[in-house]
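Put the complex together from the two separate chains, hints included.
Respectively, the protein sequence lines represent chains A and B.
Going by UniProt numbering, the residue at position 337 of the first sequence is 337; the numbering climbs one at a time, nothing skipped.
Going by UniProt numbering, the residue at position 91 of the second sequence is 91; the numbering climbs one at a time, nothing skipped.
I should point out that these hints are in silico values taken from the structure, not numbers from a laboratory.
Take these hints with a grain of salt, some might be off.
Stated by the list, open to error - In silico DSS-like cross-links for lysine-lysine, where the CA-CA straight-line distance does not exceed 27 Å:
| no. | chain 1 | residue 1 | chain 2 | residue 2 |
| --- | --- | --- | --- | --- |
| 1 | B | K424 | A | K321 |
| 2 | B | K401 | B | K200 |
| 3 | A | K317 | B | K424 |
| 4 | A | K381 | A | K317 |
| 5 | A | K317 | A | K388 |
| 6 | B | K390 | B | K101 |
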Amino acid sequence: MAAAARFFVRGAYWKLSISGVGTGPQSSFAATLLKLSPGSSSRTKTQRRHVAHFTFQPDPEPTQYGPTEKMNMFQSVTSALDNTLASDPTAVIFGEDVAFGGVFRCTVGLRDKYGKDRVFNTPLCEQGIVGFGIGAAVAGATAIAEIQFADYIYPAFDQIVNEAAKYRYRSGNLFDCGSLTIRAPWGCVGHGSLYHSQSPEAFFAHCPGIKVVIPRSPVQAKGLLLACIADQNPCIFFEPKILYRAAVEQVPVESYTVPLSQAEVLQEGSDVTLVAWGTQIHVMREVANMAQEKLGVSCELIDLQTILPWDVETVCKSVVKTGRLLISHEAPITGGFAAEISSSVQEQCFLNLEAPISRVCGYDTPFPHIFEPFYIPDKWKCFDAIKKMINY
Amino acid sequence: MAATVRSINKMYGVCFNAARQTTGLKASRLLQHRAFRVGAVHWQQPFDASLEKPQFPGASAEFVDHLEFIQPNVISGIPVYRVMDRQGNIINPSQDPQLSKETVLNFYQKMTLLNTMDRILYESQRQGRISFYMTNYGEEGTHIGSAAALDPSDMVFGQYREAGVLMYRGFPLDMFMAQCYANADDLGKGRQMPVHYGSKDLNFVTISSPLATQIPQAAGAAYAIKRENMNRAVICYFGEGAASEGDAHAGFNFSATLECPLIFFCRNNGYAISTPTNEQYRGDGIAARGPGYGMLSIRVDGNDVFAVYNATKEARRRAVAENQPFLIEAMTYRIGHHSTSDDSSAYRSVDEVNYWDKQDHPISRLRHYMTARSWWSEDDERSWRKQSRKMVMEAFEKAEKRLKPSPELMFTDVYQEMTPNLNKQRDSMWRHLQQYKEHYPLDQYVK
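Next comes chain B alone, as it looks inside the complex (with noise of 0.2 Å):
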């Protein structure tokens, strides 16, 4: 046992060990540490075959006689990082951020006035006022503690349950409801199914429905923004599920081997749609993937908000003083349904899921950790529902009555510029809609 647990360290070499030693090894030292691992690789000259070391140019390692595969390390794998137990108890005091009252009752606010929008929309798509709703319930912390963790000018590629983040980073709820309502006020003028938002103000990219498409791109987009020297980081968010696409295994590998200042967040919640993470995968999750392609990784209680900030901040400071990818694991649970058009009890127990309601939510841990202090009484806590419910429903009201866009805006945007085949389906369109104006809800939309 012990010898499969030295060539497994053997194996994942200098970057394990790296992410053991991060508090005690400067930065530079860990640069130098990796340009020599990537040097040992490159310049093997010069070749000696008296010396009994292997040359091959395609791995650094050492020759071994006798057969033995190495164990995938599953049952014991990658430690989950906390900082909080699941009463909301601090249990290594250095591990505290020591954040101020003021950010953690913002950190609060923002995941319950999330949990409300979700409530409110979720229940406007089964009344037939929205077509479509993804609800957030019980990862408020991963994305919460993460925004939280960058700086506002980092850019954000997500997946599409991640409306945490740009809640955090102040996008109002009248967007949000805009978006899902697809209506005059959308920034992205009526194109997409709701939950796919975007601002480019906030530095968050629109999200797009195929999974795991984002992940290169972030990789793209912390190359240029290594090149500009600003300071600036790029965070790509993506599922278990997601992470067993290909363009995942593509981003990951080219982040690496193109030293991409990219923090990797995954979401590990349990399931994707209805598959469990058995069927999703067979290693050691996520963060075990991360060696493989020579990344820093680390696997955190995606509930424990002050864990995921401080995997986060610490990843992305490193990240761009480094140019290097690092990997983050945020093992939590899909408490709602995959989107209202899934009934998960089709494939899990009630049980399960108010386990994790109940007993390991990232907003009721905040809570305690926060009445602890006396941050927060139940008076804050019940006008703060009036308030954070009264926000989401006015901005509700105020969308619903809002005109959809004009039909004009189906048309511009494919280019930067329209195109002649474009103007004539346009006019045609018009002249059709000229004749049979009746058939269509041309009421409904900005003229």
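Just chain A, with the same shape it has in the complex (with noise of 0.2 Å):
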């Protein structure tokens, strides 16, 4: 480590750049620096970074909207939005680095294809950027906003709740800005820690006025964005961003919506209901097999996909069925959304529980970085409590 000091300070001045950047074909300052590094040639199992805890299942293809093509998750967000900019005169899309394609290259192609005056940069300043989308809503045109991270839009949430979310209440109607949506990637990515991790959605469920939609899948994404962009209140659209590549599906080329405030049951069930919404679904999608090869224990599945207004009917209906439900996410379990399910569901649905309503959920605690393996709600951790519940 001493030895690798000095280097730095003796040798780069004259013969490495500093940064390492363009040193041309011999190897870089940094890369020699590893190779010499004790650990570097026997990298054990746990310096390896953990896989995703997750397996991406894709639905099957969609038929009835038409020709398809394969496309990941933020293909299937450029899709959505192309489709957009095609058939709307009035849309424009905005917000950080999105003029290049966007961190997470949801942009790709649309400012070339559409112009500069529709698919351009702001400055740094998400209070900004929402209250410009409101601004360009409110005088009539389709505003898309990104956010680029769901955990720097804390700086907007004035704009959001009390302005968006209560532009058309408190002007009996004469105004509002019922054609912005907010997009912003969300959700565990396997290193993100504190602050790219974020799963915010509690915070906007508690403000009447907009709709938080979280998609689970590419054909889910397409599908829900283009509904929240059509729908005429303001909408927050939460892309989770590790199934941006780790997503595949068949997605239609065409537009086609996906109806809002409409939970999805996936797979039907008799013994007990799962809530969840975005990555989770995975997760409890493998929860569910287990709990049926090791249980024998029949899980009802059920994708929120909009969280306001959310579902109570399909949710209450099923746990009338099942009579018990576990409800699952990543953000930390108090206050957290599934809080207000599960207080709803026993208003409704008491006689009908066995068991108390189960959640599984990441602790109170900042979402750590290299202990995220332990702070997720994994499949076991969910295969646990349905345990629990079933034997209570």
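Here you go:
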């Protein structure tokens, strides 16, 4: 380590560029150092970064929306935006870094195709991005704002909660910003830590006047995003970033919508209702299989999709049938959206419940870096919760 | 000192000089000027280290080899543009907009009608008839002068002390009163506190209480309007206190970088509730911030309705022609309390207030202008006072008698459509009212 430090101070100035950029055919400074490091040749399992906590399960190819193409989730978002810019001349897309294609490549190619007045960068200011978006929507444009990470949405909280959500109500329907959609990458990604992993849906679920939507897959993402854009209420669309590349499906190339505020029953079952959204759906799919194989328990899996306004009826109908409910999300358990679902369901289905409603969520800590494998509500925690519910 | 002034000029660069040469330069040349400045920042190609010129992408400037901090010039700051002196005499005849007698009389009548409505509604709050009110005393010139310089189709984003703009555009007294009384005629359906006016027909976006939130919204609206290409502008009003909010910084920066046809109109009236300007900012007011964003800026005498008119008119013309924002800081004084919840004698002297009321008031300055031309006599004044008072009282009495909107309207417009959840809650409320009706003031509401 000391040898390396000396190397840095003495050698770097003359022989190599400081940062190692563009040093030509010879190995860069950093690569050389790493080769010399003792641990480099025998990287053990514990030193390798862990694999994802789920396996993405694609849905069957949809046949009712016309021809499809293989797309991952960021490509399905691009496709939705492409359809929108093509059909709606007032539509504009803006945010930090969207012009070159976006840090998650969701807007690749759109500026070249539709022009720099329609796909443009804004200064680095979330309250400005959302405020600007509200104003554009009030003036009649279809405004699609991108917040670079959901973790950075909070400066815009005032604009979202005090302005966007209340525009129509407070003006007696004279004015509204219904044509505003805010998109933001959401959820854990393996190494995101405190500020690149958050799931803030619970903060916004407490705000009448906006809609909050979270897709589980590319087909859902495109359909739900188009539904949000078409919806005449301001919508927040959270995109599970870990699925941007990992989730690949056959996605219709034409425009189509998936209805908002309608939860989807992904598989029917008789013993336990599982409710989740976004990435966690894929965890729950595995959990349902494990429960069936190891416990002989039949699970009904529901993708909530729209957090606000949420489909109480579908969830209650399921719980009336099964008598048991498990809700799971990455966000911290206290005040998380599972609490709202739990409270409403016990009000309506109290006498049908065979066991207390179970919530398997993140701990009440900020989202940690190296401890992520222990933090997230993985399939083992959910499986264990089902076991306890069955044996209650 | 000269060196300091020179370096300040250099810092402000093109836009400051451009502001001085407004009358001389054609709009298109200024546009090229601006485009060049933007281009210079972008295209530093080809990079050439042999040139002794900075190559940084972030700024286009010269090197300097002595250490000197730029002095913020607060002692003699940006000058205040005015057309009339405090007695209402035109100082420089070339600046007199030479509006028709009819127009000027209309200015005067709108300002005084606003003043009359303010007096009556303030008093009505004191008597418990309405819950809250905010007066516009002393700032009538900023409202009328700017409103008159706009096109009726221009969009207005306000803060809360711009009722004169709405009045100028023709918002009926009945509608002002209906909103303050939150009765069944209120366009806002009784949902907001008094003075939170809005009118779609008059392009006046409904007021909201959070300060400065309208500033980035105005930038977005202006951008959308620019794309429509229909010769419309947006004006955004705010106070010097609201200008401290982050949203103000956001709005200024966005409007400049995204080239929006927008007029920022700051009413610097000396106080944000009890906070005087020396506790609000340390720089040279709000106008001095404009150049920092690359915005053309001006400071005007807000109590001089013609100065306000001229500045707004020119700003509007150029904002639309050149797609860039303008910042107008209208210096004025808040003669009234912040609101009916405030007693300003707790933080300022009666003498200070009296000075502005008696010696530098937009209404009396305009009256002097009119009487000097024999456009307005004592008789005119007496009969107008009587007439305007009568108009206001009639609207007032009518508004007071009107029922409040149906409680049904508590649940609508949360979303464009009713949701199952809200339907259930509404039904639950009516069931509750059915059973406990004697505890609720249902007789005051439309069924």
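Hint-by-hint comparison with the structure:
no. : hint              : result
1   : B/K424 <-> A/K321 : 23 Å, holds
2   : B/K401 <-> B/K200 : 25 Å, holds
3   : A/K317 <-> B/K424 : 17 Å, holds
4   : A/K381 <-> A/K317 : 25 Å, holds
5   : A/K317 <-> A/K388 : 22 Å, holds
6   : B/K390 <-> B/K101 : 24 Å, holds
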